[in-house]
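Trainee: Sequence:
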Amino acid sequence: MQCPSCQHSNSRVLESRSTEGGKSIRRRRECLNCKQRFTTYERIEFVPLTVIKKDGSRESFDRSKVLRGMVRACEKTGISPSHLNSLVDEIETKVQQLPQKEITTKAIGKLVLTLLKEESEVAYIRFASVYEEFQGINDFVATLENLKSTQESQWHYSLSEA
565 MQCPSCQHSN SRVLESRSTE GGKSIRRRRE CLNCKQRFTT YERIEFVPLT VIKKDGSRES
625 FDRSKVLRGM VRACEKTGIS PSHLNSLVDE IETKVQQLPQ KEITTKAIGK LVLTLLKEES
685 EVAYIRFASV YEEFQGINDF VATLENLKST QESQWHYSLS EA
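Going by the numbering used here, the sequence shown opens with residue 565, and the numbers climb by one from there.
Think of the hints as simulated: they come from the structure by calculation, not from any bench.
Quantities reported herein were computed from a predicted structural model and do not represent experimental measurements.
One or more hints might be untrue.
Claimed, not checked - Pairs of lysine to any residue, SDA-like flavour, derived with a Cα cap of 25 angstroms:
#1 Lys640 x Lys665
#2 Lys629 x Gln664
#3 Lys617 x His572
#4 Lys674 x Val686
#5 Lys587 x Ser575
#6 Lys658 x Pro612
#7 Lys712 x Gln699
#8 Lys618 x Glu606
#9 Lys674 x Glu623
#10 Lys587 x Lys618
#11 Lys629 x Ile616
#12 Lys674 x Ala706
#13 Lys629 x Phe602
#14 Lys629 x Tyr695
#15 Lys658 x Ala706
#16 Lys681 x Glu609
#17 Lys665 x Ile643
#18 Lys674 x Leu613
#19 Lys587 x Phe602
#20 Lys674 x Cys598
#21 Lys681 x Val611
#22 Lys670 x Glu683
#23 Lys681 x Glu697
#24 Lys617 x Lys587
#25 Lys681 x Ser650
#26 Lys629 x Lys681
#27 Lys674 x Ser650
#28 Lys587 x Ser628
#29 Lys640 x Arg690
#30 Lys665 x Glu609
#31 Lys658 x Gly700
#32 Lys618 x Pro663
#33 Lys587 x Gly620
#34 Lys658 x Gly586
#35 Lys658 x Asp619
#36 Lys617 x Lys712
#37 Lys617 x Glu656
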């Protein structure tokens, strides 16, 4: 690892610790030449994943786009930025575990909706309105009725188990 101060290539590791739930390693290093201390991070490099957009074009998976969409949907819902990051980590992990290395925006949207449904009804509706391209009030009403019936059936199921 090259020292950021003197560009010398030899350093020693003073401390290593796991970060981000074991997804990266933080190392504290000291340059053997100038004694400058610096921090490095080691992360798993994922195989590049291609996203197939609605128009058929392809682009690399960009977790920041997923995060931006979720942040917009979750505004003023009380979901913390760190929790949103962990949800995006979960989505990215699921996507990377797929056997194929191409995924549609529709499939990514479904993953986001599944997680948001568990987190916040408001965020779920906001994201669904963009993802499913709501055209009017009837689209909102249909989604709300579907959400309500799902909750009622879960409530009845939990009562029958009691």
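Trainee: Work down the list of hints and note, for each, if the structure agrees.
Mentor: Evaluated hints:
Pair hint Lys640 plus Lys665 does not hold up; C-alpha atoms about 35 angstroms apart against a cutoff of 25 angstroms. Restraint check for Lys629 and Gln664: satisfied, since their Cα atoms lie roughly 21 angstroms apart, inside the 25 angstroms limit. Under the criterion of a C-alpha separation no larger than 25 angstroms, the hint pairing Lys617 with His572 is inconsistent with the structure, at around 45 angstroms. Using a Cα cut-off of 25 angstroms, the hinted pair Lys674 and Val686 holds, with the two alpha carbons roughly 16 angstroms apart.
For a cut-off of 25 angstroms, the pair hint linking Lys587 to Ser575 stands: about 23 angstroms separates their Cα positions. For the suggested pair Lys658 and Pro612, the alpha carbons sit about 14 angstroms apart, so the restraint of at most 25 angstroms is met. Proximity of Lys712 to Gln699 is assessed by CA-CA distance (about 20 angstroms); at most 25 angstroms being required, the pair is judged to hold. At most 25 angstroms may separate the alpha-carbon atoms for a hinted pair to count; Lys618 and Glu606 exceed this at roughly 35 angstroms.
Between Lys674 and Glu623 the alpha-carbon distance is near 19 angstroms, which keeps this suggested pair within the 25 angstroms criterion. For the given pair, Lys587 sits about 31 angstroms from Lys618 by alpha-carbon distance, which is inconsistent with the 25 angstroms threshold. For the hint pairing Lys629 with Ile616, the CA-to-CA distance comes to about 14 angstroms; that is within 25 angstroms, so the pair holds. Note on Lys674 and Ala706: the hinted pairing holds, with a Cα-Cα distance of about 17 angstroms set against a maximum of 25 angstroms.
With a C-alpha separation of about 31 angstroms, the suggested pairing of Lys629 with Phe602 is violated against the 25 angstroms cut-off. Straight-line distance between C-alpha atoms of Lys629 and Tyr695 comes to about 13 angstroms, which keeps the hinted pair within the 25 angstroms bound. At most 25 angstroms may separate the alpha-carbon atoms for a hinted pair to count; Lys658 and Ala706 exceed this at roughly 29 angstroms. Of the supplied pair hints, the one linking Lys681 and Glu609 is violated, its CA atoms being roughly 30 angstroms apart against a limit of 25 angstroms.
For a cut-off of 25 angstroms, the pair hint linking Lys665 to Ile643 is broken: about 30 angstroms separates their Cα positions. For the hint linking Lys674 to Leu613, the alpha-carbon distance of about 17 angstroms falls within 25 angstroms, and the restraint holds. About 20 angstroms separates the Cα atoms of Lys587 and Phe602, which keeps this hinted pair within 25 angstroms; it holds. Restraint check for Lys674 and Cys598: not satisfied, since their Cα atoms lie roughly 52 angstroms apart, outside the 25 angstroms limit.
For the hint pairing Lys681 with Val611, the CA-to-CA distance comes to about 29 angstroms; that exceeds 25 angstroms, so the pair is violated. A C-alpha spacing of about 20 angstroms is found between Lys670 and Glu683, which places the hinted pair at or below 25 angstroms, so the restraint holds. About 17 angstroms separates the Cα atoms of Lys681 and Glu697, which keeps this hinted pair within 25 angstroms; it holds. Using a Cα cut-off of 25 angstroms, the hinted pair Lys617 and Lys587 is violated, with the two alpha carbons roughly 28 angstroms apart.
Straight-line distance between C-alpha atoms of Lys681 and Ser650 comes to about 15 angstroms, which keeps the hinted pair within the 25 angstroms bound. The straight-line distance between the Cα atoms of Lys629 and Lys681 is roughly 19 angstroms, inside the 25 angstroms bound, and the hint therefore holds. Simply put, Lys674 and Ser650 have alpha-carbon atoms about 17 angstroms apart, close enough for the 25 angstroms limit, and the pair holds. In summary, the hint linking Lys587 to Ser628 is supported, as the alpha carbons are separated by about 17 angstroms, within the 25 angstroms threshold.
A threshold of 25 angstroms between alpha carbons decides the hint, and for Lys640 with Arg690 the separation of about 12 angstroms falls inside it, so the pair holds. As the CA atoms of Lys665 and Glu609 are separated by approximately 14 angstroms, the hinted pair is consistent with the 25 angstroms bound. A C-alpha spacing of about 32 angstroms is found between Lys658 and Gly700, which places the hinted pair above 25 angstroms, so the restraint is violated. Distance restraint check for Lys618 and Pro663: the Cα-Cα separation of roughly 21 angstroms lies within the 25 angstroms cut-off, and the hinted pair is therefore satisfied.
At most 25 angstroms may separate the alpha-carbon atoms for a hinted pair to count; Lys587 and Gly620 exceed this at roughly 32 angstroms. At most 25 angstroms may separate the alpha-carbon atoms for a hinted pair to count; Lys658 and Gly586 meet this at roughly 16 angstroms. Simply put, Lys658 and Asp619 have alpha-carbon atoms about 24 angstroms apart, close enough for the 25 angstroms limit, and the pair holds. The straight-line distance between the Cα atoms of Lys617 and Lys712 is roughly 30 angstroms, outside the 25 angstroms bound, and the hint therefore fails.
Restraint check for Lys617 and Glu656: the C-alpha separation of about 17 angstroms stays at or below 25 angstroms, so the hint holds.
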